[in-house]
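Novice: For reference, the chains in residue letters:
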Amino acid sequence: MSDSEIITHDIIIVGAGLAGTWAAMTAGEEKLDIAVLSKVHPLRSHSGAAQGGIAAVLNNVRPVEGTGPRGPLEPIPPGGEAVDSLDLHMFDTIKGSDWLGDQDAIEIMISEAPEIIYAYEHMGCVFSRLPDGRIAQRRFGGHSAPRANYSADYTGHVLLHTIHEQALRRGVKFYSEWYCMDLIVEENICRGIVALDILNGKLYTMRAKAVMFGTGGYGRAWKITSNALANTGDGVAISYNAGVPLMDMEFVQFHPTGLYQKGILMTEACRGEGGYLVNSTDERFMERYAPDKMELAPRDLVSRAEQMEIEEGRGIGPDSQGLYLDMRHLGEQKICERLPQVRDLAIKFAGVDMIDAPVPIQPTAHYSMGGIPADSNGQVIADADGTHILGFFAAGECACISVHGANRLGTNSLLGASVFGRRAGRAMAEFVKDGADLQPIHDDPLQRNQERIKHLMDGDPASNNHESVSRIAEELKGTMTQNCGIFRDEERLANAMRKVNELQERYKSARIMDKSGRFNTDLLEAIETDHLLTFSEVVVASGMARTESRGAHYRTDYPARDDEDWLKHTLAHKEEDKPKLSYKSVNIDWEKFPPQERKY
Amino acid sequence: MRIFIIQRLSAIALVVFLSLHMIVVHYPPGHLDFSRVLERLADPFWKAIDIAFLFSVLLHALAGTYAVLTDIERVTPLKRILAGVLVVLGIIGAVYGTYTVLSFQPPASMLIVH
Amino acid sequence: MANCSFEGQSVTVRIQRFNPEVDKKPRLKEFVITLEPGTTILDALREIKNEQDGSLTYRRSCRHAICGSCAMNVNGKNMLACNQPLKDHLDRKGRITIRPLPYQPIIKDLVVDRSVFWGQYQRVKPWLIPPRDVPEKEFCMSPEEVEALKNAEKCIMCGACYASCQVIGLNKRYIGPHALLKAFQRILDPRDSAPGERLADVAGDDGVFRCHTIFNCIDACPKELNPTQAIETLRKLAQKRQAFDAQRRERQKSLINSAPIMSAERPGV
Amino acid sequence: MYKSTGFISFFLRRFTGLVLVLYLGVHMWVIGAATKGAETFNARLEVFESPVLKILEILLLAAVLYHGFDGIRLIIVHYFDVTDYRKSLFYAAFAISALLTIVGGIPLVLYALGTL
Ligand SMILES: Cc1cc2nc3c(=O)[nH]c(=O)nc-3n(C[C@H](O)[C@H](O)[C@H](O)COP(=O)(O)OP(=O)(O)OC[C@H]3O[C@@H](n4cnc5c(N)ncnc54)[C@H](O)[C@@H]3O)c2cc1C
Ligand code: HEM
Ligand code: SF4
Ligand code: F3S
Ligand code: FES
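If you're matching them up, the sequences are chains Z, R, C and B in order. Using the numbering used here, the letters of the first sequence map in sequence onto residues -1 to 598. Using the numbering used here, the letters of the second sequence map in sequence onto residues 16 to 129. Using the numbering used here, the letters of the third sequence map in sequence onto residues -10 to 258. Using the numbering used here, the letters of the fourth sequence map in sequence onto residues -6 to 109.
Hints listed in this document are in silico derivations from the structure and should not be mistaken for laboratory results. Any given hint could be a false lead.
[Said to hold, decoys possible] Lysine to any residue pairs mimicking SDA-like chemistry, simulated, CA-CA at most 20 Å apart:
#1 18(C) x 84(C)
#2 229(C) x 23(R)
#3 13(C) x 91(C)
#4 114(C) x 346(Z)
#5 139(C) x 77(B)
#6 229(C) x 21(R)
#7 346(Z) x 27(C)
[To be verified] Chain R regions said to be covered by chain C (calculated; three or more residues, Cβ under 8 Å):
#8 16 to 22
#9 80 to 93
Don't be surprised by glycine CBs; every beta carbon is placed ideally from N, CA and C.
For reference, chain Z alone in the conformation it holds in the complex:
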């Protein structure tokens, strides 16, 4: 485990999901030397798990006139009047974000959306189509027009495959199954990363003129989650450790329909296509929470409604933590055509065929709104003034460009990952072509990480009490679910903080069982757990400070939104092992989209 080899590229991108691959492909058009690292094979990235759709205003369908917000959809004939507009999409997104989204970035994302969809289509993406061949669209929660473009219910899968193929076509080099362990930032300039070749356990210093993170979300810190086992927030934690601040980490989205006790996602498209949510008394309880949008209210609201039902004793299942998603009235044909995958998932994982029985569901940790703060070109910033960390970029779920604010709307994240991935790719290419250079590395990051690995293999020599990494991870997930979940308050958050700190302490004497260099997944899981602990502390600290309720962050002790004091982004810097919080203003167009009460 030594060989201090150095690898050099113009641009190194960590993460081969939609964000990372778009960036690589775009920069790849400029004949630069680009490498993409991914800890799982690129096609195994979590973007592929996205089901429901990707938002863009195309105006291909409209509700049949006079049938109301949940009525049937029909194609808009050529020359027919548009029902959707960029402004409407913007407004929905801003409202969804509970006004915490930065409106300049949102505008960019939404106006580039149609073009991104057509680009995907021209690259071979197989979208579901209308009879006349145009791309079909469906409704999604929080969107006031049908603008989710989809491919049955495996949209992310086809997008990811399409974009990966095109990146291969442009000769991008992929380091598949390489794990990024560290980011090298000195004096606000990014100089490279330290990475582990999982296959043989060798560590490398990888130097580049520009580094980008597209490492995905951090949903794995919760017990019930829709996220892949690989979504351990590595990029977020690594950046934080390297001195980069994290923004808005307290905002974690819980999706209303995870499969009961498994957390596996039943896409929002289930409700988009017309599914009902029902409690143990057979009541469509959303009537009481969002009489207008019903099941298609935004996720934070629906999840809270569900949790309320559960806590008031109207849940189902052995532990009464579940509710029902009833799809039966949609009929076999529609289900098989539009939702084949989720039907199959429900059969396989819950033993329920949604054609003739309601599916047991429960809220599941789903999306991380917070992350590495970046501007709309993916350029990472170091503070509230927007000082750049030169040569460091981020996009996708790990980044907080803040288009999603306090709560993301469904289908906006595939869009965000694509749009900002592409923009980051362009920005990096320009940055490199404008004469950026490889920067010297003064520190010895390789050494540091070698010791980190050695410590995990040998355990704490001073103690013979060796902690189990998986147990620490389990306990963390337990406490995050219980104390930092859908409903939060001072006391729960304090408990969570105590627990996280205790676990961090215990982690120091953790020891792994697998001592080999070759494909050591035991080691990876230990490092990932370290990362979970790192960012969980930031989540809890940021949440504790924010004494209001906004979007996905709901404090039972402060149930109201407080624009006076809290219409601002949280920034957390690592400082002497405690996050130091500061705040950054939100970019708002006060004329066009001033904050309003958020009601559905």
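Let chain Z serve as the given structure and place chains R, C and B with the ligands on it in line with the hints.
Specialist: Same frame as chain Z, now just chains R, C and B with the ligands:
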């Protein structure tokens, strides 16, 4: 592709020829000898059929052998040599077989037997 | 098949272990776990790794049958570990045997070296090659054209098919069902502008004519795809390649002409 | 080897194909005796008329039949979209060839017994 097509076409031909062959020549099983074969082959039409049968079975068998052997990875680099050998075998077989069929003449030798 | 009688009881999971750096040859190791309701094979592996032997090595990520990481050989059949209930695969004595996917070198335990597999995927040029001019909006593919793709885009590249095909066992130069299915998807897509070249390649020595219609690939596919039928279709198209190519060019013209044109040479396309 | 019905059918087809090729060689050599005159021909043929070899001929018959019907099955798969019936087709090919082997085998056995 060529081998594949040869294999299928000859297979279809074989279905016909082989059925015919089995019914006419081997069934019912009885004592088979030169004279019985000759009885049939006296007709040039039957000679033609047998020769066609021979050609299709050779094509099929050799193409099949080629397919079986080239499926093995280690043989792949030698496939040209293999093809050469098989073609030669095929030609030998065809000549020899045709010669055989044609030698079912009612020649002097036969008169001697009876 | 479903054997519910083991719920709550201990069951035996036999896993093939092998680390080529230290072991001479693979061996089966037995682990005993308690069968909880709803346990998948992947859950069982996770439990063993977390509680009994952290060095047990396998690939996984999404745990709901979409990423394609966790294909392995269970009781002799290839499948995804994450979407299979453990109880469905126990024998009468409550045992299950898990091995890595066959026909590929083992990296460690259940992890195999897939480089040849990916090499074949790249060889068929999995990417779409769009025409030089593209419409300003989407290509309006007809419902029949979408239907003709037979959902091939659903393939998750898990390799269950590849590692079940005996031709692969014999000859690694064979392109394999996964990549041929990908080639099929591209060739049948009216937006692709190089179906002729693609057909020429897959009709070569290592391509569709190497397939002996063994059908294992269909049985192994967790996404219920049909590589065999795709291969049969390609075989037929390969025999009328030129005509197909010409037909495609015509179709593409009408696809583009039905909508405003723009040049393809814009970033991101 | 990956075990499955697909593999069994494939293996049997290959195996019978190769057996048939070998037999074809022998067969041509035997018939080839005709070039050397009727006597040699009859003499060589006589060897194959022995009861033991007649019984073995049943195996040959089985091989031809299985290989033939399996081949027909494949050709059907090539030209018709019937992969959904792959198992039934295999069983059918197998059953028909087994049946015909029995039907065809009886006279062979009788004949062998008769000449004993
Ligand atoms: C079940 C589910 C369904 C969803 N459905 C939708 C939907 O319908 N619509 C929508 O818009 N959004 C949806 N989302 C959200 C959306 O999928 C994600 O936000 C988006 O795909 C994130 O893309 P990404 O490129 O940022 O990261 P990811 O696709 O998660 O990729 C992360 C990449 O980083 C790599 N990586 C991570 N850490 C390291 C490391 N340390 N070293 C090396 N590589 C590393 C990983 O290997 C991977 O390649 C869904 C999410 C989930 C969980
Ligand atoms: C009714 C008669 C026959 C039919 C329908 C038939 C059909 C076929 C078919 C379709 C194949 C291709 C298999 C593949 O590509 O996987 C094949 C292969 C083969 N055949 Fe035949 N065949 C017949 C008779 C014979 C005979 C008489 C011989 C021997 C002399 C023979 C020898 C072979 C061999 C060696 C192969 C290659 C084996 C393989 O590829 O699996 N066949 N046959
Ligand atoms: S065709 Fe099926 S089995 Fe083969 S790689 Fe694709 S999904 Fe897996
Ligand atoms: S198993 Fe293999 S031989 Fe053909 S039908 Fe499938 S690819
Ligand atoms: S873990 Fe992703 S397919 Fe099984």
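Novice: Against this structure, judge whether each hint is valid.
Specialist: Hint check:
no.: 1; hint: 18(C) x 84(C); verdict: holds, 12 Å
no.: 2; hint: 229(C) x 23(R); verdict: holds, 17 Å
no.: 3; hint: 13(C) x 91(C); verdict: holds, 18 Å
no.: 4; hint: 114(C) x 346(Z); verdict: violated, 34 Å
no.: 5; hint: 139(C) x 77(B); verdict: holds, 14 Å
no.: 6; hint: 229(C) x 21(R); verdict: holds, 16 Å
no.: 7; hint: 346(Z) x 27(C); verdict: holds, 9 Å
no.: 8; hint: 16 to 22; verdict: holds (count 4)
no.: 9; hint: 80 to 93; verdict: holds (count 5)
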